[in-house]
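Chemist: The primary structure of each chain is shown beneath.
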Amino acid sequence: MNEELYKDLLKTMLKIRYFEQAAKKLYAEGLILGSIHLYTGEEAIAAGACAALCKDDFITSTHRGHGHIIAKGGDLNKIMSELLGKATGYNGGRGGSMHIATTDLGILGANGIVGAGIPLATGAALSAKLRKSGQVTVCFFGDGASNQGTFHESLNIASVFSLPVVYICENNLYGVGTCILNTSKCINISERSKSYAMEGVTIDGNDPVIVYSEVKKAADKARKGNGPTLIEAKTYRWNSHFEGEPDNYRPAEEVKAWKKKEPIQRFENLLIDKNIMTKEGMEILHSEIKKDIDIAVKFAKESPDPLTEDALKFVIN
Amino acid sequence: MRTITYKKALTEAMDEEMEKDSRVLIAGLDVGKYGGSFGVTEGLYGKYPDRILDMPISEAGYTGAAVGAAMTGMRPIVEIQVSDWVTIASDQIVNNGANMPYLLMGKTALPLVVRLPSGGYLSYACQHSHSWESWFCFVPGIKVVLPATPYDAKGLLKSAIRDDNIVIFLEHKKLYSMTGQVPEGEYTVPIGKADIKKEGKDITIISYSYVLHKVLEAAEILSGSGISAEVIDLRTVKPLDEETIINSIKKTGKVVIVQEVWRNCSVSSEVAAVISEKCFDYLDHPIVRVTSKEAPNPYAPVLENYILPQTQDIVKAARDMVR
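Just so you know, the protein sequences line up as chains A and B, in that order. Using our numbering, the first residue of the first sequence is number 1, and each one after it goes up by one. Using our numbering, the first residue of the second sequence is number 1, and each one after it goes up by one.
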């Protein structure tokens, strides 16, 4: 058992949890505009998956992307600044929550169009294969996106060309207000992989170690040239689809039951049971991370707005 | 100088760029051994089997993959078999690709060429005859090119492949078999620069792509009546070469804009607006446009030829202005 890995998994999940808490508050205060889609409750997937990747591997993300970007090594200050629309954000305030992208970390972007990142990830994998770079691409998308035509087309292409990509479907049961069980007859989305003669597996998305080991297995397989995998990670979001949306379509018992098996509490209990961390150690970790998030918020608040003189730059390379 | 077809000129452009740069790849339907449905990639698969990819019929999938590959070190050329179908891929081009340079603030190139066999006058009817250059001109972050001659086709395709942006490259199907002089050696044609195909002094006729040749026919007929037309081939419709247009109108004071496609919110609308903004004092006559009539391209030749602009329409428009 890799103790350092376990501690890193917890650290990443806590970073995401506290970041989203801060973002929720800033949105309510009117400092973040437009819409934000919080990842709270799903932290184990981003943390586990990105722990299995190298810095120069690629990811594509979704509209619910803060967790992926943090887990892939995103700088908290720059992410928070982008949410506040400041010049110091990853995209100079030009993108906001749903469009954060930085190719330095292989982050090919959060994306405001459901399913639109799936072809991009497939293309990054194609590029890696042709360049013989050994890079792997992880493609995050939700249950709803598996109904988008681009899912079908991209997985088919990846299968035909044996591309080094790991498709991760974060099945949180809902596409905005509609339960996936009402928009697909496949109970387990991983079954769809059979249509592409691709390996597919359904896992507990709230267990970061299981996520890590499945993604590592799939990434190693991809790196060896043995093609793509579809991993369906079952999870649940704590908050509404976007902040401010009433979230009155999910049964109260369902929300309660899922919160009971939320990833962080479970994992902390495990770490203590296995003597990997002590309670005091955990409290210190919590307060350290809270401090980092506070620093990010302060940095973002104090950062300058983007200049209108720069607004028309870089439309064309 | 040798004479080759427009189609061969395009093949040569891709061959030369692929030989030079191992990052260039071609993806599309039947582009490999089959050589492309119009034969434009004929002979290339044997030379570059790893980089010419026969895709499944998945325009959104493979064009989006090309955007992703362009962001991560490759220089893809996507051939969409018939330009009308680029609509299927347009979400990936417009909502992903075109936004990326702006979001990434120039940190990542997006060298993607989307080649589109386009246009009518062939009775291929309403899903195999249209041409969407006007739509793509609307979007920031995209360049749009339509060569009308083999010389321009080769030079512009090379430039497009070397460009670090999305270039929508429309090849009119009726031009593939057209022949013209193309030099043997290395050359390019710059994107964003129009070409005066025929100098004149009485009237400016601005056009692009296949219908330019009807304009040249019309210019011959007009010169027979003592009307000297200056014919500008735009070659690139985004960005527009405003300087060449303005200089010509300063000379002639009269302009007809001729395009094959529909009128409403089209390239001709933009050119007319720019002329009005920048050459108003030089105009002796309102701007005239010769375009397709407002209907989808019909199948029956008698109908299609009625809808689409013909040489006589151009001659009449010019004569009416000069009288």
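Please keep in mind that the hints were generated in silico from the structure rather than gathered at the bench. No residue lacks a Cβ here, since even glycine has one placed at the ideal position from N, Cα and C. Warning: the hint list may mix true and false statements.
On the chain A side, residues computed to face chain B include the following (Cβ under 10 Å) [stated by the list, open to error]:
(1) Gly106
(2) Ile113
(3) Thr122
(4) Ala125
(5) Gly134
(6) Ala257
(7) Lys260
(8) Pro304
In silico lysine-lysine, DSBU-like type, Cα no more than 30 Å apart, as pairs [unchecked claim]:
(9) A:Lys132 with B:Lys107
(10) A:Lys313 with B:Lys193
(11) A:Lys261 with A:Lys132
(12) B:Lys33 with A:Lys132
Chemist: Against this structure, judge whether each hint is valid.
Modeler: Here's how the hints hold up against the structure:
1. Gly106: holds, 8 Å
2. Ile113: holds, 5 Å
3. Thr122: holds, 5 Å
4. Ala125: Holds - the Cβ of Ala125 (chain A) comes within 10 Å of chain B, reaching about 8 Å at its closest.
5. Gly134: violated, 13 Å
6. Ala257: violated, 37 Å
7. Lys260: Violated, about 39 Å.
8. Pro304: Given a least distance of 15 Å, the restraint on Pro304 (chain A) is violated.
9. A:Lys132 with B:Lys107: Status holds; Cα separation ~23 Å.
10. A:Lys313 with B:Lys193: Since the Cα atoms of Lys313 (chain A) and Lys193 (chain B) sit roughly 22 Å apart, the hinted pair holds (cutoff 30 Å).
11. A:Lys261 with A:Lys132: Violated: Lys261 (chain A) and Lys132 (chain A) sit about 41 Å apart, past 30 Å.
12. B:Lys33 with A:Lys132: holds, 23 Å
The structure shown violates the earlier hints numbered 5, 6, 7, 8 and 11.
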